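Sequence order for the protein chains is D and A. Take the first sequence: its letter number 17 is residue 17 in my numbering, and every next letter is one higher. Take the second sequence: its letter number 90 is residue 90 in my numbering, and every next letter is one higher.
None of these hints come from the bench; they were simulated from the model. Computed from a predicted structure; not experimentally measured. Check before you lean on any hint, since a few could be wrong.
Pairs of lysine-lysine, DSBU-like flavour, derived with a Cα cap of 30 Å [claimed, not checked]:
| no. | chain 1 | residue 1 | chain 2 | residue 2 |
| --- | --- | --- | --- | --- |
| 1 | A | K78 | D | K222 |
| 2 | D | K192 | A | K78 |
| 3 | A | K96 | D | K25 |
| 4 | A | K96 | D | K32 |
| 5 | D | K66 | D | K192 |
| 6 | D | K32 | D | K210 |
| 7 | A | K93 | D | K229 |
| 8 | D | K228 | D | K68 |
| 9 | A | K78 | D | K231 |
| 10 | D | K25 | D | K210 |
| 11 | A | K78 | D | K224 |
| 12 | A | K78 | A | K96 |
| 13 | D | K160 | D | K63 |
| 14 | A | K96 | A | K59 |
| 15 | A | K56 | D | K192 |
| 16 | A | K12 | D | K66 |
| 17 | D | K161 | A | K59 |
| 18 | D | K160 | D | K231 |
| 19 | A | K12 | D | K192 |
| 20 | D | K224 | A | K59 |
| 21 | D | K210 | D | K222 |
| 22 | D | K192 | D | K25 |
| 23 | D | K25 | A | K59 |
| 24 | A | K108 | D | K68 |
| 25 | D | K228 | D | K32 |
| 26 | A | K78 | D | K160 |
| 27 | A | K96 | D | K228 |
| 28 | D | K224 | A | K12 |
| 29 | D | K161 | A | K56 |
| 30 | D | K32 | A | K12 |
| 31 | A | K108 | D | K224 |
| 32 | A | K56 | A | K108 |
| 33 | D | K231 | D | K66 |
| 34 | A | K12 | D | K160 |
| 35 | D | K68 | A | K93 |
| 36 | D | K160 | A | K93 |
| 37 | D | K160 | D | K224 |
| 38 | A | K108 | D | K32 |
| 39 | D | K68 | D | K210 |
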Amino acid sequence: MTTPKSNRAPVGSIQCENTTLNLLKANDFVAKVIRQRLTDMLVINICSSPGSGKTTLMQETGKLLKDKLNMAVLVGDPETERDAIRMREVGINALQIVTGGMCHIEAQMILQALDHINLEGVDVLFIENVGNLVCPAAFDLGEDYRVTVISSTEGDDKPKKYPRMFLTSELMLVSKADLLPYVPFSVEAVTKDARDINPDLEVMTVSSLKGDGLEQWCDWLKIKVREKKNKLVMSGAY
Amino acid sequence: MHEISLVRNILKTLEEEFPGRVERIRCIQLTAGLLSNVQPILMQNAFEAVLLEEPKYNKATLQVEVLPILVYCDDCDKTTEVVNYTFACSCGKPSKNIVQGEELLISKVEFEEEGQLINNQS
Numbered sequence: 001m002t003t004p005k006s007n008r009a010p011v012g013s014i015q016c017e018n019t020t021l022n023l024l025k026a027n028d029f030v031a032k033v034i035r036q037r038l039t040d041m042l043v044i045n046i047c048s049s050p051g052s053g054k055t056t057l058m059q060e061t062g063k064l065l066k067d068k069l070n071m072a073v074l075v076g077d078p079e080t081e082r083d084a085i086r087m088r089e090v091g092i093n094a095l096q097i098v099t100g101g102m103c104h105i106e107a108q109m110i111l112q113a114l115d116h117i118n119l120e121g122v123d124v125l126f127i128e129n130v131g132n133l134v135c136p137a138a139f140d141l142g143e144d145y146r147v148t149v150i151s152s153t154e155g156d157d158k159p160k161k162y163p164r165m166f167l168t169s170e171l172m173l174v175s176k177a178d179l180l181p182y183v184p185f186s187v188e189a190v191t192k193d194a195r196d197i198n199p200d201l202e203v204m205t206v207s208s209l210k211g212d213g214l215e216q217w218c219d220w221l222k223i224k225v226r227e228k229k230n231k232l233v234m235s236g237a238y
Numbered sequence: 001m002h003e004i005s006l007v008r009n010i011l012k013t014l015e016e017e018f019p020g021r022v023e024r025i026r027c028i029q030l031t032a033g034l035l036s037n038v039q040p041i042l043m044q045n046a047f048e049a050v051l052l053e054e055p056k057y058n059k060a061t062l063q064v065e066v067l068p069i070l071v072y073c074d075d076c077d078k079t080t081e082v083v084n085y086t087f088a089c090s091c092g093k094p095s096k097n098i099v100q101g102e103e104l105l106i107s108k109v110e111f112e113e114e115g116q117l118i119n120n121q122s
């Protein structure tokens, strides 16, 4: 019990307010702003554990799509500019988002980053999220599609361990497929577990180093870019 | 998870929603779906840690209610609890139509009522 102030009667009654204050409403609001702003390009949020090969995938995707699609990458890491430097080395228009220790990217960081990257003529904008399968799942960044990368070396039990990430993704890319013969990883088992969570999930296997599956991945991107642009034409913006 | 930033987010949300009244908050109820990845004990610890630097809330307690995941099946017109993260109806049909389990919200706030003024002198 609290001590009442001298000029007040003893207190003790409690007033109750039932609320529905969504704690992610600020992020969701900003994500909506981003979606309204980026109507003329495909936006892909790439998520995975640390070290699954997201940056290498971006590098190889950039090389393959060079003459076909104009791509840009916003890459998030708790510290350092290393990933953006790696991508610029192969000619990709990349901007580093240093989260300052934060375990995920929030929509506000993307909105601010948009003012610091030249997106003129860009067909596809990738957001390479912080390596983490937990927290990024809860944050909408205004993307059209969420792609989760899972490498053959990290084990095929990830979907059931991190269900929300797989639930909120449209595509699962099994990376480092060239190592599949050497590691106890079953593409069939990981697909079954992931589709238990998300029956609509598309699955592809890729090897960024050897090139296997990259064509299928790039075709998927080209189709999604075309769909997004058609949607813009249909909406009468042109 | 990022419990500390969630707790700060809770306090910021309360300040926006109840300006001038936050000192009288005695209990905050948080409703978290299982998919929000919120762990009640970690939220409690984070809440207490943040309160050390936010003395105006030091009479407030936090209650965290975790809700199971429920999916709706069109064929059966019913909801089923998702067990072991298999998103399917009890009839076996897969369903992504989540009706509960993703929420993360402040569902109830209890305030200590302002005491009646005994006289007009302040």
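Check: Is the straight-line distance between the alpha-carbon of A/K96 and that of A/K59 30 Å or less?
Finding: With a Cα-Cα distance of about 41 Å, the restraint between A/K96 and A/K59 is violated, given a limit of 30 Å.
Can you confirm whether the C-alpha distance between A/K12 and D/K66 stays at or below 30 Å?
Violated, at roughly 45 Å.
- Message: Check whether the Cα positions of D/K68 and A/K93 lie no farther apart than 30 Å.
- Response: With Cα atoms ~40 Å apart, D/K68 and A/K93 exceed 30 Å; violated.
Original post:
Under the criterion that the straight-line Cα-Cα distance not exceed 30 Å, is the pair A/K78, D/K222 satisfied?
Top reply: With a Cα-Cα distance of about 39 Å, the restraint between A/K78 and D/K222 is violated, given a limit of 30 Å.
**Message:** Just to be careful, I want the Cα atoms of A/K96 and D/K25 compared with a cutoff of 30 Å; is the pair within it?
**Reply:** 22 Å, holds
Given the hint that A/K96 pairs with D/K32, does the C-alpha gap stay at or below 30 Å? Measuring from Cα to Cα gives roughly 22 Å; hence the hint holds.
#### Entry: Hinted pair D/K160 and D/K231, Cα distance within 30 Å
Violated, at about 34 Å.
- Query: Is D/K25 close enough to D/K210, meaning Cα to Cα at most 30 Å?
  - Reply: 43 Å, violated
**Prompt:** Between D/K161 and A/K56, is the straight-line Cα distance small enough, at 30 Å or below?
**Reply:** 39 Å, violated
What's the verdict on D/K160 and D/K63, does the C-alpha distance respect the 30 Å limit or exceed it?
With Cα atoms ~34 Å apart, D/K160 and D/K63 exceed 30 Å; violated.
query: Are the Cα atoms of D/K66 and D/K192 separated by 30 Å or less?
result: 34 Å, violated
* Asked: A/K93 and D/K229: Cα distance at most 30 Å?
  -> Violated - the C-alpha atoms of D/K229 and A/K93 are around 34 Å apart, more than 30 Å.
The structure is inconsistent with the numbered hints 1, 5, 6, 7, 9, 10, 11, 13, 14, 15, 16, 17, 18, 19, 20, 22, 24, 28, 29, 31, 34, 35, although it conforms to all the rest.
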